[in-house]
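Quick note: the sequence shown, position 49, residue 49 per my numbering, numbers continuous.
Worth flagging that the hints you see were computed from the coordinates, not collected in a lab.
Take the hints with a grain of salt, since some may be wrong.
[What the hints assert, rightly or not] Here are the simulated SDA-like pairs of lysine to any residue, each with C-alpha atoms no more than 25 Å apart in a straight line:
1) Lys56 with Glu80
2) Lys65 with Gln35
3) Lys45 with Arg76
4) Lys45 with Gln35
5) Lys65 with Glu54
6) Lys45 with Asp68
7) Lys45 with Ser70
8) Lys45 with Glu84
9) Lys56 with Leu86
10) Lys101 with Asn51
11) Lys45 with Ile102
12) Lys65 with Leu86
13) Lys56 with Arg43
14) Lys101 with Leu66
15) Lys65 with Gly91
16) Lys56 with Val90
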Amino acid sequence: MNSYIIFAIGVVVGMIIVQMITKKNKLPPVLSDRQVRERAEHRDKILAFFNTAEGKRVTNDDVQKLLDVSDSTATRYLEEIEREALIRQVGDTGSGVFYEKI
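Build the full structure now, drawing on both the sequences and the hints.
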């Protein structure tokens, strides 16, 4: 009876170890050519919009409408461009946040 319990515990521990190893070795998702091309097009559209924007201020909502994307996608695009030091965020949170070209 004890040997069955020890065997069962060994199986469970083995399964946990295998899961931990496989999760650790997973590679990040690779973008397809279409996705890379689409991101580049969206980035270019956003940067062009900064040149035509009234007062040179662009909000997250402006990008959402321009590209017909969700709030989180617009935020991600703006953050990527900000990391490239092409724009800067003015304000921390809320509806008063806008971005301006550097």
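Checklist entry - What hint numbers does the structure not satisfy? => result none
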